[in-house]
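Participant: Chain by chain, the residues run as shown.
Protein chains: 4
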Amino acid sequence: MIIQLQPDISENQKEKLIAKVNEIGYKTTEVQTQLGDYIVGIGKKEFDIRKIGQMDGIRDIHIVSDEYKLVSKKWKAKPTSVDLGDNIFIKDGEMAIITGPCSIETEDQIRKVVAHCVENDIKMMRGGVFKPRSSPYAFRGLGIDGLKLWHELASAAGIKIVTEVMQTSQIEEMYPYVDVYQVGARNSQNFNLLDELGKVDKAVMIKRGISGTIEELLQSAEYVFSGGNEKLILCERGIRTYERASRNTLDLNAIPILKAKSHLPVIVDPSHGIGIRAYVPQMALAGVMSGADGIIYESHEVPEKAYSDGQQTLDFAQSARLAAWIRESFAMRKGFDLL
Amino acid sequence: MIIQLQPDISENQKEKLIAKVNEIGYKTTEVQTQLGDYIVGIGKKEFDIRKIGQMDGIRDIHIVSDEYKLVSKKWKAKPTSVDLGDNIFIKDGEMAIITGPCSIETEDQIRKVVAHCVENDIKMMRGGVFKPRSSPYAFRGLGIDGLKLWHELASAAGIKIVTEVMQTSQIEEMYPYVDVYQVGARNSQNFNLLDELGKVDKAVMIKRGISGTIEELLQSAEYVFSGGNEKLILCERGIRTYERASRNTLDLNAIPILKAKSHLPVIVDPSHGIGIRAYVPQMALAGVMSGADGIIYESHEVPEKAYSDGQQTLDFAQSARLAAWIRESFAMRKGFDLL
Amino acid sequence: MIIQLQPDISENQKEKLIAKVNEIGYKTTEVQTQLGDYIVGIGKKEFDIRKIGQMDGIRDIHIVSDEYKLVSKKWKAKPTSVDLGDNIFIKDGEMAIITGPCSIETEDQIRKVVAHCVENDIKMMRGGVFKPRSSPYAFRGLGIDGLKLWHELASAAGIKIVTEVMQTSQIEEMYPYVDVYQVGARNSQNFNLLDELGKVDKAVMIKRGISGTIEELLQSAEYVFSGGNEKLILCERGIRTYERASRNTLDLNAIPILKAKSHLPVIVDPSHGIGIRAYVPQMALAGVMSGADGIIYESHEVPEKAYSDGQQTLDFAQSARLAAWIRESFAMRKGFDLL
Amino acid sequence: MIIQLQPDISENQKEKLIAKVNEIGYKTTEVQTQLGDYIVGIGKKEFDIRKIGQMDGIRDIHIVSDEYKLVSKKWKAKPTSVDLGDNIFIKDGEMAIITGPCSIETEDQIRKVVAHCVENDIKMMRGGVFKPRSSPYAFRGLGIDGLKLWHELASAAGIKIVTEVMQTSQIEEMYPYVDVYQVGARNSQNFNLLDELGKVDKAVMIKRGISGTIEELLQSAEYVFSGGNEKLILCERGIRTYERASRNTLDLNAIPILKAKSHLPVIVDPSHGIGIRAYVPQMALAGVMSGADGIIYESHEVPEKAYSDGQQTLDFAQSARLAAWIRESFAMRKGFDLL
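Going down the list, the protein sequences come from chains L, P, W and Y. The working numbering applies: residue 158 is where the first sequence begins, and numbers increase by one. The working numbering applies: residue 158 is where the second sequence begins, and numbers increase by one. The working numbering applies: residue 158 is where the third sequence begins, and numbers increase by one. The working numbering applies: residue 158 is where the fourth sequence begins, and numbers increase by one.
Here chain L stands alone, though its shape is the one from the complex (with noise of 0.2 angstroms):
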């Protein structure tokens, strides 16, 4: 169960309300988050709900069966809407597009993105500066000093930075240069990571393990958000299967699925979702078309010339066009009455 409290609750009708979820069986944990206070009532007991309900310095409660609790849409059925500032939000009914290199490589490859990203009004660039590879002999990434350089160039731009945090140590060097932290594939279940993450005020988009189920990446959210931080955003990357013509698998139902069972905003990346650049856009529309809240693409000047990922990243002209063809798809898919 999760019960949201009122902000002027008393300590003694705290102790109280907890004694009495404890009685129930229910054992409990306090949650702190930027836009309020709860109680998460963990155990498997029926009860009546009334007898909790009624008590003094309850705003709202409710009964969540899932394993997880304050992502579930059981307990939050409006929409959450991750609020980048400067009027930019990653939300259900807007469409979000991400684009950038997968490396940051150099200032004349930041220039021409943002570049990029100012001529086709796309207002969130993504780009690694802390690269996570298999090999420890391949390029790590540009670290902070690149992060920093791409910050003063894209806010002046007025472009929102997505990269991804590797770490707990990074989380705070990264904090001024950062407006979306991301967490990758293969940290997707380092709940430390998550914890720390839970404890900043900043946007973190999770991404799905390489072989991560829709309720793990929930639960996954649920530790940040647990953690204190409700800015979350889920994201669909491609999973792990036997099939090897695509880099992953993407899988698209995992996006209704995902909208059905959480508030949350949940985007698409098709270009790990497919790794082959010629059939990103096909996979970018499919995904609109399923129900994403938004798009995170691989774009660079001269993919061929990419430090990584350069077989699954498009051109600027290639990435003009699609970024037409997701607006044109989304408007589209607003007028059906799509569940």
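Heads up, some of the hints might be wrong.
Copies of the same chain are indistinguishable here, so a pair counts whether it falls within one copy or spans any two.
Unchecked claim - 30 angstroms max Cα-Cα, derived DSS-like pairs, lysine-lysine:
{"no.": "1", "residue 1": "K248", "residue 2": "K491"}
{"no.": "2", "residue 1": "K359", "residue 2": "K235"}
{"no.": "3", "residue 1": "K418", "residue 2": "K269"}
{"no.": "4", "residue 1": "K177", "residue 2": "K462"}
{"no.": "5", "residue 1": "K305", "residue 2": "K356"}
{"no.": "6", "residue 1": "K231", "residue 2": "K462"}
{"no.": "7", "residue 1": "K201", "residue 2": "K462"}
{"no.": "8", "residue 1": "K305", "residue 2": "K184"}
{"no.": "9", "residue 1": "K305", "residue 2": "K201"}
{"no.": "10", "residue 1": "K462", "residue 2": "K418"}
{"no.": "11", "residue 1": "K269", "residue 2": "K235"}
{"no.": "12", "residue 1": "K269", "residue 2": "K202"}
{"no.": "13", "residue 1": "K231", "residue 2": "K173"}
{"no.": "14", "residue 1": "K231", "residue 2": "K177"}
{"no.": "15", "residue 1": "K248", "residue 2": "K230"}
{"no.": "16", "residue 1": "K269", "residue 2": "K184"}
{"no.": "17", "residue 1": "K462", "residue 2": "K202"}
{"no.": "18", "residue 1": "K462", "residue 2": "K184"}
{"no.": "19", "residue 1": "K269", "residue 2": "K171"}
{"no.": "20", "residue 1": "K462", "residue 2": "K305"}
Note that these hints are calculated values from the structure, not bench results.
Since the structure of chain L is already known, use the hints to place chains P, W and Y on it.
Facilitator: This is chains P, W and Y only, laid out in the frame that chain L set:
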């Protein structure tokens, strides 16, 4: 390599040709389809294609490095159009819509679905009369009598019939009543069945195996094609992965990949692909945007009362809306310059 | 529920019994096997088993909640012993060793494998005469003539024949020459084939599907059993996963699980399970320790020259060593008090 | 390529060497471990190894075509022996037995497991004090205080401690109390953690990722090794597949493959590998026969009362029997001439 023969090639010319191909170190298979005669050469050695290309009796010759040959786009760049008669086609550049129940149940049920198709200008109807079931104790379908009744009602309304054939002995008895033989996911590598369907002059739709690769689907199609039947349609219907939030994992990556590798039309089955009624429309439209040439989905007057698969079946109101959205999405997609 | 009938039950008694079971809300299927007659009741309602158990003409009655019934250990706790004649069995408490080439190739090859079996006291020989191949252009086996020749040589030496049947039309022509019909992984859910094998009085070994679940394997066995044939053997041969360092992923977990769920004997195929010759012995012995009732592996005089699967085939020296190790390991396992 | 340097190589010699390797077109990484100094060269061009091999200051040079270098058997054929002190090793040619509870719970629990180990001559004990849990509301372990207590009791009895480290910040605080740092399946590609463990002089056991490939496991080990720590152990613990009859799919194929590819010791975790208590012994013994250098399994005085994983945990009587069987099986395996 594939050598298309002149219709008037002499026996002597053919013998010389085969001898020459064998001499290079290639094994030869003679293939006769309804549309032409071919020699397929299987081998790995490099050779000068002109040495053979200049011989008498040859219309065309191509080197095809794929394991599959005749279904490869490397041999035949022009998309295959499957003609079902009465100006009804499944082909690149059009959007086939196929709907109907999981199982053919009663005369009343057939009449209602046929009427639903007619009202919505849907030209092809699906339904099972031979049902593959995991358990021997489950409903196995009405059999050939159900098919005859269905054919009577559907053909009177100008509706084409798509239905599963489970074994070679059924091919002949079904022949007068079927327009598209469907090979189910569990029979996707039933090579004897594929061989026999190669001898038929009616269309064959092959569903991807439960855990079949894209490559294996194309090789299964090669069985039918090399058996003599060029009227082939491929169908993505979801694959088996670790994820259990959906019935299968609809692999839309497969659509642009299949379209690039093969000249055959490709259709998507969102009903089996996700297995949850409320999300079938989203996945159908995602399928359209991924580049499919058709959508096959389940519908029934009262899905809750369907003998099988009710949980993933649309009612007629939902189906009517979806058919309209599919057409609208396809019209938009045609305006995009997708690969 | 499963009701085993008295051999002398009267028609009147049977009708009353079926009426009673239907009255409870269960559908009934009559099953006749070579060993007995049964009524299988399918339904979900709870009922008092004594109400039926006291009726006339019943030998035994059990409630079986599994989807599969007759192959479940809940019905028949005593392990099934498959008798191949001449005092050769595949059964719990013994260790069957089956070896031979992937494909039957020539008379000389057969003679040599038979001699190898005789020398090493191996009583069962495997080999393919009908070969399922992904590509229509690959070697498809010697067919029925190869089987006749093989049978002549093997039966003279007292060796039993295990070979794949690919379609219903082959069952009858193979009958005089085969001791165990093998259903291959691609046909594991070819329900028509399973139905027909239920009518035969020779043993059937069902391989787990390419991505078949343990539950599906048991349901496939239920097809054969409920068709009338109790002489069944289950075979784990590796499943399809994302891992490509081995041909398949040998799932030895399946062995103790199958042995606990069913009364049927279970054997392991390490050759297909790993697909790499050097590691076949380790996986064979691991299979023994996991609780298998037999091991089936590929051997050939000169594996490098085998028509198919050479990379996973042992030579005779390796095979002789492995057979000895299998026996030694099994003797040790029998001394352990494993479940 | 890997170049092992002479301990007394001069800076000048080293610079010349690096310049030469770069000249060929290879990038270089300097690696210092507790046992030696290396230059790892990364590139794909072919070159004459003698041109470098004749230079001054080199002890050894090998071409390693694998993505992983220092952990490859192509570089170091001799198996690595991980020395835990007090004459306790994890190494090829011995059979390490590691047991203990999923979670360290209480002083009484620790005492009882330690006593069980002593009685059965088991030298290494496992247990979790930092627990990665899918849900933020689940028990997360006793933390560092639990570890201190455990260390006091275990070291007094001569028992080595194997326990999971979840994040870089824990490495230092755990250091005095741990003998083997375990990297859990969810952290198998937490590259920052692997980097930091490369700087430690205690042993590290890396579990294969939830859906990690064999190749990725070796590359994760390469991170630690190239970070400076050669004391590495690999652990197979089951992978995620579509099968749900067991918790994971224990991939014993991985054992001979890892042993052939790498010089590192490999151990098997049958408890997580199958997840069902009754079948843990079979899978442990199968692991022995597959070629493992050790078995790690869960035990508890009263498994039903364990805080976590009780369903896959043995009681002490079962554990005592299993330890004896493991030793007996290993003794037999040593007599076989397996690869």
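Participant: Against the structure shown, which of the earlier numbered hints fail to hold, in ascending order?
Facilitator: Result: hints 3, 9, 11, 12, 19 break, sorted rising.
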